[in-house]
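Those sequence lines, one after another, are chains R and X. Counting with full-length UniProt numbering, you get residues 1 to 556 for the letters of the first sequence. Counting with full-length UniProt numbering, you get residues 1 to 556 for the letters of the second sequence.
Rather than coming from a laboratory, the hints here were simulated on the basis of the structure.
Per the computed footprint, the stretches of chain X lying under chain R, defined by three or more beta-carbons under 8 Å from a beta-carbon of chain R, are: (1) 31-43; (2) 146-160; (3) 175-182; (4) 237-243.
The C-beta atom is built at its ideal place from N, Cα and C for all residues, glycine as well.
Protein chains: 2
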Amino acid sequence: MSTDIEIAREATLKPIVEIASQLSIPETQLEYFGRFKAKLPLSLIDEEKVAASNLILVSAISPTPPGEGKTTMSIGLTQGMNRIGKQTTVVLREPSLGPVFGIKGGATGGGHSQVLPMEDINLHFTGDFAAIEKAHNLLAALIDNNLQDRKRSLNIDGRTVVWKRVFDVNDRALRNVVVGLGGTSGGVPRETGFDITAASEIMAILCLSNDLSDLKQRLGNIFIGMTRDRKPVFARDLKAQGAMAALLKDAIKPNLVQTIEGTPAIIHGGPFANIAQGTNTVIATRMGLSLSDYVVTEAGFGSDLGAEKFCDIKCASSGLAPKLMVMVATIRALKYHGGADLKELTTPDTDALRKGLVNLEKHLENTRLYNLDAVVGINRFTSDSDEELAIVKARCEELGFDAVVANVWGEGGAGAEELAHAVVAKIESTEKTFSPLYDWNQPIEDKIETVCTKVYGAGSVEYTSQAKKDLRKIKKLGFEDFAVCIAKTQKSFSDDPSKLGRPQGFEITVREIEINAGAKFVVPITGEMLRMPGLPSIPSSEHIDISDDGTITGLS
Amino acid sequence: MSTDIEIAREATLKPIVEIASQLSIPETQLEYFGRFKAKLPLSLIDEEKVAASNLILVSAISPTPPGEGKTTMSIGLTQGMNRIGKQTTVVLREPSLGPVFGIKGGATGGGHSQVLPMEDINLHFTGDFAAIEKAHNLLAALIDNNLQDRKRSLNIDGRTVVWKRVFDVNDRALRNVVVGLGGTSGGVPRETGFDITAASEIMAILCLSNDLSDLKQRLGNIFIGMTRDRKPVFARDLKAQGAMAALLKDAIKPNLVQTIEGTPAIIHGGPFANIAQGTNTVIATRMGLSLSDYVVTEAGFGSDLGAEKFCDIKCASSGLAPKLMVMVATIRALKYHGGADLKELTTPDTDALRKGLVNLEKHLENTRLYNLDAVVGINRFTSDSDEELAIVKARCEELGFDAVVANVWGEGGAGAEELAHAVVAKIESTEKTFSPLYDWNQPIEDKIETVCTKVYGAGSVEYTSQAKKDLRKIKKLGFEDFAVCIAKTQKSFSDDPSKLGRPQGFEITVREIEINAGAKFVVPITGEMLRMPGLPSIPSSEHIDISDDGTITGLS
Chain R
1 MSTDIEIARE
11 ATLKPIVEIA
21 SQLSIPETQL
31 EYFGRFKAKL
41 PLSLIDEEKV
51 AASNLILVSA
61 ISPTPPGEGK
71 TTMSIGLTQG
81 MNRIGKQTTV
91 VLREPSLGPV
101 FGIKGGATGG
111 GHSQVLPMED
121 INLHFTGDFA
131 AIEKAHNLLA
141 ALIDNNLQDR
151 KRSLNIDGRT
161 VVWKRVFDVN
171 DRALRNVVVG
181 LGGTSGGVPR
191 ETGFDITAAS
201 EIMAILCLSN
211 DLSDLKQRLG
221 NIFIGMTRDR
231 KPVFARDLKA
241 QGAMAALLKD
251 AIKPNLVQTI
261 EGTPAIIHGG
271 PFANIAQGTN
281 TVIATRMGLS
291 LSDYVVTEAG
301 FGSDLGAEKF
311 CDIKCASSGL
321 APKLMVMVAT
331 IRALKYHGGA
341 DLKELTTPDT
351 DALRKGLVNL
361 EKHLENTRLY
371 NLDAVVGINR
381 FTSDSDEELA
391 IVKARCEELG
401 FDAVVANVWG
411 EGGAGAEELA
421 HAVVAKIEST
431 EKTFSPLYDW
441 NQPIEDKIET
451 VCTKVYGAGS
461 VEYTSQAKKD
471 LRKIKKLGFE
481 DFAVCIAKTQ
491 KSFSDDPSKL
501 GRPQGFEITV
511 REIEINAGAK
521 FVVPITGEML
531 RMPGLPSIPS
541 SEHIDISDDG
551 TITGLS
Chain X
1 MSTDIEIARE
11 ATLKPIVEIA
21 SQLSIPETQL
31 EYFGRFKAKL
41 PLSLIDEEKV
51 AASNLILVSA
61 ISPTPPGEGK
71 TTMSIGLTQG
81 MNRIGKQTTV
91 VLREPSLGPV
101 FGIKGGATGG
111 GHSQVLPMED
121 INLHFTGDFA
131 AIEKAHNLLA
141 ALIDNNLQDR
151 KRSLNIDGRT
161 VVWKRVFDVN
171 DRALRNVVVG
181 LGGTSGGVPR
191 ETGFDITAAS
201 EIMAILCLSN
211 DLSDLKQRLG
221 NIFIGMTRDR
231 KPVFARDLKA
241 QGAMAALLKD
251 AIKPNLVQTI
261 EGTPAIIHGG
271 PFANIAQGTN
281 TVIATRMGLS
291 LSDYVVTEAG
301 FGSDLGAEKF
311 CDIKCASSGL
321 APKLMVMVAT
331 IRALKYHGGA
341 DLKELTTPDT
351 DALRKGLVNL
361 EKHLENTRLY
371 NLDAVVGINR
381 FTSDSDEELA
391 IVKARCEELG
401 FDAVVANVWG
411 EGGAGAEELA
421 HAVVAKIEST
431 EKTFSPLYDW
441 NQPIEDKIET
451 VCTKVYGAGS
461 VEYTSQAKKD
471 LRKIKKLGFE
481 DFAVCIAKTQ
491 KSFSDDPSKL
501 GRPQGFEITV
511 REIEINAGAK
521 FVVPITGEML
531 RMPGLPSIPS
541 SEHIDISDDG
551 TITGLS
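Chain R with its partners taken away, still in its complex shape:
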């Protein structure tokens, strides 16, 4: 069987100008990055068209080791929609480079449902992440420079500085560091750390900003730490926002590429809805809606992470509203949730499947928290038995949801036509109107509790003493009306990755709460979540190579 990169390489890509012309974008509006990528100017956004178009949000059951194929399904569905005559653009998040060399591989779909050029998208793409790093770490350097400076000191207490540095490499040794060593010329010694770039507040700000002006204002609002006399310090106090915004002048523009079937794809903004906001940019979603009749967008992991943040942070702050959700599930993953062994997932096992279905049920129930209809997309694998597929479909119907099997990896858009028809029919017939789950004006603790109990199914929320301290600080600083962007494992509805299926009545522990004042949310960190991953014992970098003629192998 061909690998994803082999299938990708066999595809004949259309020049990006042809993709743009499908969206009626004139060539003069394109900023080329090579022959197959281009940035789009914000002037193409058309608010009237945004309101008239249809936003489809793809989510999934709780992730398992074999993978569910959310991105693959989103791309395949888009290809299928175009095949049945519905002008559709897929709007995705950009992959993070760090995990490409770790364990995860790329994030550009698979098989005959991919976005291309996959090597470029998985590596540096158009430099957006690098620009975010530069802006983020410039602010860090300005903070340490001010700590060093006697003449123009802001009197910052180095021990209170919460602004870390970021880098898009899985590098656990950078999680906790001491900087400023080496004597008086080397800065002021203090403890700090590095997060992965996707977890940068600047990534969230880029994702939530409406335009350059909004971006700059949010950058100035970044909370850095406290002065020695306990006053808050912001990025604007260091006059940093202008230079930071200048560094992001191109990163703010969405990137146009294509699917393997030559339909348009827009890829822009941040992954990692477990440790970060993790949905693509408001600008990219608006761009997609401006340029086509339907937008398929994916918010990573399950309904508890990506979709929750998409609805309660991104939509609530921007006014965007999905018309429908598509919930991706696989027979293999449902069996894993039902207790089947990882090595036995290709063996038919209706018992495990029935047990595991509770995970899908909870994710489907969650769509109703947002007053949304949903269609289940079963991502078909060759090992799935007809009996297993029938069980899932029957259970979904009992719950009031259509479930459609799609073979997007093997057949591309052709394998998703039935799903596409079901999606269009549901959008045309639904009487529901999206509404977010909570009101930002509630107290922070109420918002955390709402998400934990209603979306996760928790029984209670526990706060460590550090988290309680953080809550008091948030209140004192006047940030009570921020959204909550909870960092939680993607593997379980709970904060314990080993609790598969549908755990209930569990306790969620909030370990600490970070403030992202520019993004206008706080980040309650639950369980053992870390915002800088590590590399595995055998990093995938060992298998990646490039030949003398520039052909890359080992990316997946």
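On the provided structure of chain R, position chain X as indicated by the hints.
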């Protein structure tokens, strides 16, 4: 008077495809980055043309606070050459982002001798530096990951690891850090640090590689540190070179832009000839020579730094050979070398000028160490008096060198036509043939002494006990036949920045010697040189801004 960025913004840029057509590059060979930048494939290199073309190396007197305008002169001369009918491409180094937000500003020339688009070139450009950072820091993460790993340990002694991390921000607090804190899951605690990206060995490797295959081999040869049983460890032991080369697949391709007069400019590879190799890439120089009859290239700072490294490292390893040097001087800077006060440099002062001329004399003498002819280019300022200009010209003639006044900032190429004629005439009449100063097969200490005494004018070289230890290690590891890439202040021929003019008989102190086995040189670090700069009390980031329509101000 208009600022550089204002002059730049008033210029009408030609689409990059028109610039490419001046060089007979077909459009299908261009990899666009926006409308005004493109990457060039290595297949355009034509060795026969390289040998037949003419390479002009621009150097300068020792830098002073008012600046000498080497880049401006290189661009102006190129524009002048094209005006007198000589097909000429300027081949420059890429600016480093760090200093843009510190004290230095950009590095794209000035006035009517600039390369454009200046904002893009000074900020992220085409992402080459970001790619170098990623490749560099991936290796660092793989090292710390191996230190952490019990199953597949290479038995590396963490205390011997010399591979630091890099980032392109002036951030003194990162010079000396402790990583790996936070308990068993956070890596192994150890001392390390960050250099600025331009000082990365990967930058040097990119600059010195002939092609992708050479690049990958050099990446594998990077020396990392020692095992606990005292065996050397290389990047190839971590199987890192394939992934690192994949990250550099686009960075290896030179970037085509244009001068403000619409002539071709190629910009590629690393700055900072004080702390690094600091000359542009061998590939870019070859590309320029393949595509035009003359190439004007600049090697930063004085003949003691950029030009020395250009000749003894870059040319010696690649076989490239300059035909002529152009030595840039200004009346203001010569007066500063002669003891004039920084505030009085615009006042005519023939005494200070005569005293300061010794600096220019030594730089001119140095061209003969490489058996090269040179023409002096006096970069004219409005404050220069005719008497002062006459003194410099007369002294140069006494020494056997033509000196020509050029007004490149104010007049662009038109102000450099006389210089262009002098340069062409000298190339056509010279009987000299370039040869490097030293033989790589000499012992390391002999090579260091040769550069210090002959090029710098030192009386002796002193080694600290650390440097002596490093010398023994280099010998033991079999790296004696590497070139020497000395890190030294640019402000003086000596290692003491306060010794202006032409110090003689001084002692150079080598503090430590780094090994860059992939680049095939060692880096003796002299005096107080640091490979990660800091920010000043008032960073220029405070003055940089971007308007709602995307117009950047405050870059210079």
